[in-house]
Structure formats: structure tokens, C-alpha cells
Amino acid sequence: MEGFIHQIISGIATGGIYASVALALVMIYQATHHVNFAQGEMATFSTYITLVLINLGLPYWVAFIGAFSISFVIGVLVERVLMRPVANAPVLTSVGVFIGLLLIVNSMTGWIFDYTIKQFPSPFPDKALFGGFVSGHELGSTGVTLTVLILVYLFFRHTRLGLAMRAAAFNPVSSRLVGVRVGWMLALGWGLAAAIGSVAGCMVAPVVFLDPNMMSGILLYAFAGALLGGIDSPLGAVLGGFMVGIIENLGGAYVVGTELKLTLALVIIITVLTLKPSGLMGRKVYSRV
Amino acid sequence: MRTSWLIAIFVLLAAAVPTLLFSGYHLFQMTMVVVYGIAILGLAILTGINGQISLGHGAFYAIGAYTTAILMSSWDVPYWATLPVSAAVCATVGFLVGLPALRLGGLYLALTTFALAVAIPQILKHKLFEDWTGGVQGLVIDKPEAPFGLPLSADQWLYLFTLAVGVFLYALAVNLTQGRIGRAMRAVRDHPVAAEAMGINLAMLKTRTFAVSAMYTGVAGSLGAIAVAFVAPDSFSVFLSITFFVGLVAGGAASIGGTIVGGVFIEFVPNLADLVSKAAPGAVYGVILIAMMFLMPQGAGGFIASLWRRAGRPGR
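Chains as they are written, first to last, in this note's numbering: chain A, 5 to 293; chain B, 1199 to 1514.
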């Protein structure tokens, strides 16, 4: 029983990371109807930036905020330079550009920071809490991801800019008519998604260690989470991310073993697509023909 | 009509020339060009003709390769007899994977196949199948010798064998895509609603196309396994799938001839880029992908075809 509770708690901790990446994916999907296959690699790159800033002697949280801001700028630049020209292109073109971006970011990461596996510091004390049920890092990272998710929610719900961004994603034509600068809203969305990715990267790196391919598995779980929750529902994506984290941990511990954890993500994806393609909280899409 | 036959025979003869000119490693590279060409052909039928995107065809390549390797090492089946089996296995798996994903938009298929590609090395390594797959170590298989006492080296025979299978598969693909089914596939790509109104069963046609496409790539995997004489889980990472996708885009998604260009591209460009840096092949792929998407969305095949059309009617 103790083992079971422990599995659930560490499932929530990893689920928080999946939830953040899933949220980043859904934010871009909602605004552009593109799935950013490079989300994971961009997050890995941001994590390396954090490490560089820490190695420069900055305190952890300053480096964390620094990497958050740098990632935001990178995200905005990527949208402006690469995504803007293919905004209305067919799916094949956008997938091609995303895969190209994935390859470039991945090899740049390897090139600049080399391929050796690096340790990444955790800002939280390394000791078991509450009678050994949860480690300091698990508790801390869950807290950080939850804080970020709540901040994002408040931003979208209660600020003018957040409202404008939601409007631009929901109905670009009408928003443009009332004076929302839709192009810039998309760029801001990209920036925000990249910044959220950097948080996820920093929280997962102490657990899985830092290397250029760190996020490829995590991206898969985030896909599964986003689909499970409904790919057009931010709240659903967050819940889906947490659920996938718990399912992954329980499945890994009791059903399939650790070697097949990635296959579990595939199974979740196929199950959701077969049984309930719109996800738990997504809207069914109807289109007029 | 007669000229087109002449061209075909000429191309065939030209394709057999490397047997005489090259030897050893270079001939092996030519074999791999044909193998990759077939793999990309499978992807082209799916993506170019039918408009579905797969980022996971490396998985079918792996399944084909493993089917051949297991049949050869566990049951002593001759190498040529493994090809039909691997075709059947891959078509079945493709059908099953495509069934849930294809009912939805193109992006979902891309996602599902991407997940399949990421997961496949883990599945191949799993201890449940270890007796067959050899686990992390993989399987070593024998390189076939030339039959009937032909005066050819193993590499030469392998190249000619692969070429013969390739010619057969390309001829099949041309016939398939130019006939009624090919028109239906294009109709589904260009205007699904109109295609459905014409009486095409969208989900069925898409799933079958996916199965055919998986079959092509699976046979390529078998040929690749025979040529390399070795399979291991880590050679079928998600990067292989992305490589096929890059080859497809480089050659031109909807061009059957372009798939050979794609095969040449993914066989030789990484070798050249490796000279610069370990990270360079990925970067080169990435830059070329994005550049192609911006500048030449029809790929090399489409580009040459448009030049051909322009040259065909000069200012008339």
C-alpha cells in the first residue's frame, strides 16, 4: 500500500511536467491548429541555457527566470521568422517545418553543449518528507509546475492581454476588426509556450539528467496527455498530463515494467483516438460542408 | 508508347551498370539507395498521393527487417522467401495502426505514427520477445551468396537482387497510382467531401493505402536487413523515421521517380555532413527540410517535372 501511494505521488510529480508541456502544445494548437513537434527540443535547449547561467555563478532562481525570459524571446522569434510564412500552408508543409525545427534545435544543442549526459541541480532539499512518501524535489517541482499553471490561468482569465490572445485564437477575423493585433498575439503565445517548456525542462532535468534527447519521451507523454484531455482544451490538457503521469507510474510499477513505458504512451494515444477522439474535455468539431 | 519502353529498358541497363563499376562498400551504398528508395516510395504513396502524413515509417522498416531476420535465424527460411511474409506482416500491422488514426484528421495520424516510431525500439528490446529478437544485441544473419553458380560476388548479387525487387515494386506502384485506385487516392487527398460523394469509402481507402504504404516500407526493411546482415533495436530509432520523411520531402512527396532522389539524398548526405561534425547531419536535414518547404514545396521530383514541362513546350 505504501508503495502504491508513493507511485501515485511521484506520478503526480512527473504528471505536472507532462501537464506543462501538454499545455504548451495545446496553446499553440488552439491558436494555429499546428502541433509543435519541436516543443520538447526547445525545452531541452532552454534547460541548457539555465545550466549555463547557473555555471556563470548566478543563483538558481535568477538563472531560472533568466532562461524563462530567453526562451520566451526565442519562442517569439521562431514564430516571427519560421512559422509566420507557413501559417496558411497545408499540413504537410507545417509538419515539415516543425520537424526541420526539431532537427535543427536538437543538433544545435548537441553542437553547442556537446552530447555528454550532464547533472542538473535541483533547488529543493534532497531528503524524504512526510515519512518517506515524497522527495523534496517531487514536492518542489509539483509546486512550481502548479504555480506556473495557475499563473497562466490567471493571465488568460483576468488580463486584457490574455483576453486578446484568447480572442485571437478563437476568432482571428473578428479580433482583427476590433483592433487586436492577431499576428503578435500568436507570437506571444509561442513565446509563452516556449517559456512554459523551459520550466518543465528545469523541473525534469534533475530526475532524468540532461542530454540533448532528454525531452523526446516526455513530449510523447505530453501528446498523450493533451489527447486524453482534449487537444483544444487547456484545462483538459493539464488534467490529462497529470493523469498520464499517474497512469505511467502505476503501469510501470505494476503492469508492464519500466522497459515498456514509452509503449504505454502509444497505447494511451491509440485508445483515446479509438474510443473518444475528442478527449475528455475537448469539444467535438463539426464543420459545414 | 514504344519510346517509353525504350526509356524503361535503358534505365534498367543503366541501373545495372554499378555492378560492373563499383565493388565492396560502394556497391553496398548503391544497394542501400535502392532500399531507401523503396522505403520512401511507400511513404510517397501515403503522403504524396493520398495526403496522409506519417512520421513513423521507420517502425514498419524495423518490423520488416526483424521479420526477415527472425525467419532467417530461427527457422532457416531462405532470404527471398521472407519478403512476401514480411510484406504481409507489415501490411497487417499498418492496417491495424491506421484504423483508429485515419478516421481523424492528418495531424492525428502524424502524432500516432510519431509515437509508434518513438516506442518501437523499446518493444523490440523487450524481454518477452528476446528469444526471437535477440534483445539489445540484435540478430546477425548470413549474407546470401549468388545462386546457380553465377560468377558474381555477394555484394554484386545483392545489388542485382535488390534492384530486381525494386523494379518490380516500382512498376507495381506506377500501375497502382495511375489506375482507378490511384485516382481515388488523389481524389481523397484533394477533396475528401467530393470523393465521398462519388462513392469512395474514405476511411477504408485511407486505411488500405496506409497498409500498402507500410508494406512497401516493410519490404524495404527486409531488403535492408539482408544487405546489412544485421538488425538491432537502436538502429531503428525515431531518427530513422524522420530520415525517411526528409528523403520524401527532398525527393518530392507526390513524385514516384523523386523517391530515388530521396534515397540518394539520405544515403549520401549524412556521410558528407559527418565530415563536418557529429551534429551536422541533423542540422543539414533540418535546414534542407525548412528550405524545401519554403522554396520548393514540390521537392526535387516536382521541380524537375516542372522544368521538363517547360522545356517540352518552349514558347509555343
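Hints are computed from structural coordinates only; laboratory data are not their basis. This one's a predicted model, so the numbers in the text were calculated from it and none came from an experiment. Every residue gets a Cβ at the ideal spot worked out from N, C-alpha and C, and that includes glycine. Incorrect hints may have been included.
To be verified - Straight line, CA to CA, 16 Å or less: simulated EDC-like cross-link-like pairs of lysine to aspartate or glutamate:
1. Lys122(A) with Glu263(A)
2. Lys1325(B) with Glu263(A)
3. Lys1341(B) with Asp1432(B)
4. Lys280(A) with Asp236(A)
5. Lys1323(B) with Asp236(A)
6. Lys1323(B) with Asp1432(B)
As the list claims (entries may be wrong) - Short, incomplete list of chain B residues facing chain A, as computed with Cβ under 10 Å:
7. Val1295
8. Pro1319
9. Val1482
10. Gly1484
Structure-based check of each hint:
For the hint pairing Lys122(A) with Glu263(A), the CA-to-CA distance comes to about 23 Å; that exceeds 16 Å, so the pair is violated. A threshold of 16 Å between alpha carbons decides the hint, and for Lys1325(B) with Glu263(A) the separation of about 9 Å falls inside it, so the pair holds. Of the pairs offered as hints, the one joining Lys1341(B) and Asp1432(B) is violated, with about 21 Å between alpha carbons and a cut-off of 16 Å exceeded. Annotation: proposed proximity of Lys280(A) to Asp236(A) holds, straight-line Cα distance about 14 Å (limit 16 Å).
The straight-line distance between the Cα atoms of Lys1323(B) and Asp236(A) is roughly 35 Å, outside the 16 Å bound, and the hint therefore fails. Distance restraint check for Lys1323(B) and Asp1432(B): the Cα-Cα separation of roughly 9 Å lies within the 16 Å cut-off, and the hinted pair is therefore satisfied. Hint on Val1295(B) holds. Least Cβ distance to chain A is approximately 8 Å, under the 10 Å limit. The beta carbon of Pro1319(B) comes within 9 Å of a beta carbon in chain A, closer than 10 Å, and the hint placing it at the interface holds.
Because the closest C-beta pair between Val1482(B) and chain A is about 8 Å apart, less than 10 Å, the hint holds. A distance limit of 10 Å between C-beta atoms decides the matter here; for Gly1484(B) the minimum to chain A is near 3 Å, and the interface restraint holds.
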